[in-house]
Amino acid sequence: MKPEYRPFVDELIELCIKEDIGDGDHTSLSCIPAGEHGRMRLLCKQKGIIAGIEIARIVFDRLDPDMHFEQVLHDGDRVKPGDVAFYVSGRLRSLLQAERIILNIMQRMSGVATQTAVYVARLEGLHTKVLDTRKTTPGMRVLDKMAVKIGGGENHRMGLFDMILLKDNHIDFAGGIRKAICGAREYLKAKGKYIPIECEVRSLEDIDEVFAAGGADRIMFDNFTPAMTREAVKKVAGRCETESSGGITLDTIRDYAECGVDFISVGALTHQIKSLDMSLKACE
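Number 431 marks the last residue of the sequence shown (our numbering); no jumps.
Every clue listed holds true.
Mimicking DSBU-like on lysine-lysine, the simulated pairs with C-alpha atoms at most 30 Å apart in a straight line are:
id	residue 1	residue 2
1	K296	K149
2	K326	K282
3	K428	K165
4	K149	K336
5	K282	K296
6	K165	K192
7	K149	K314
8	K296	K194
9	K381	K314
10	K227	K149
11	K382	K276
12	K192	K227
13	K382	K336
14	K165	K149
15	K340	K282
FYI, nobody ran anything at the bench for these hints, they're computed from the structure.
Use the sequences and the hints to build the structure in full.
Structural data, given as structure tokens:
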């Protein structure tokens with residue numbers, strides 16, 4: 148985990164605990180003796196890429212530092228039904244409190260990682276990288292982004308704070324590409340900030356506008372066809388990074404990559420996923 152992610156993760160875990168446990172796990176408190184100990188295992192029930200083991204360890208430690216965590220698999224490992232990711236032992240009340248929080252996190256993260264790996268596999272042998280987007284579950288973006296990396300993809304910006312991305316609405320409201328880029332550059336200079344500038348273009352002619360305004364760190368081709376993308380890459384001619392975005396599917400992603408773009412952003416990596424089935428059950 149990147150060090151800068153840890154505060155987001157800790158805050159998210161606190162929210163998960165608050166929403167699930169509230170003022171107490173009254174089911175466990177009512178029928179499980181305080182001193183009882185036991186052991187559980189995380190069992191995989193589907194094929195895929197497992198993700199979230201690192202987060203699970205943090206959750207267990209937050210709920211009860213005395214729990215013993217025995218890791219078997221690692222984030223990014225391919226799993227099949229019957230594989231055990233880890234064992235954990237400790238107070239039964241603590242184990243039961245952690246169960247649903249762990250499963251909610253790991254099932255979703257593993258679903259994102261698994262889907263990402265499928266997209267990445269379509270680009271085997273090409274230099275193009277698959278990017279995620281900001282189309283994430285509110286509050287869980289850091290985990291979604293981590294899962295994409297675990298699945299072999301790359302992260303786009305984390306949020307509005309670590310890159311300037313001039314999209315269609317920004318450009319239209321600013322009065323055009325030149326005004327938007329010049330405004331962004333002046334803003335960064337005035338603030339003493341050093342973050343990349345990316346500009347979306349909607350036509351081949353827009354590319355000329357970007358360079359007439361002094362260029363950008365990356366140009367995004369929005370809703371281009373593969374034929375337009377090939378021409379766009381030629382027009383950019385290596386002067387900056389290139390990215391394709393908009394309506395690109397698993398069936399078409401390689402067509403775009405073969406045009407020579409550096410990146411392809413796919414919202415479906417995080418907003419159209421199926422969680423990976425797994426369970427956390429008692430064991431000897």
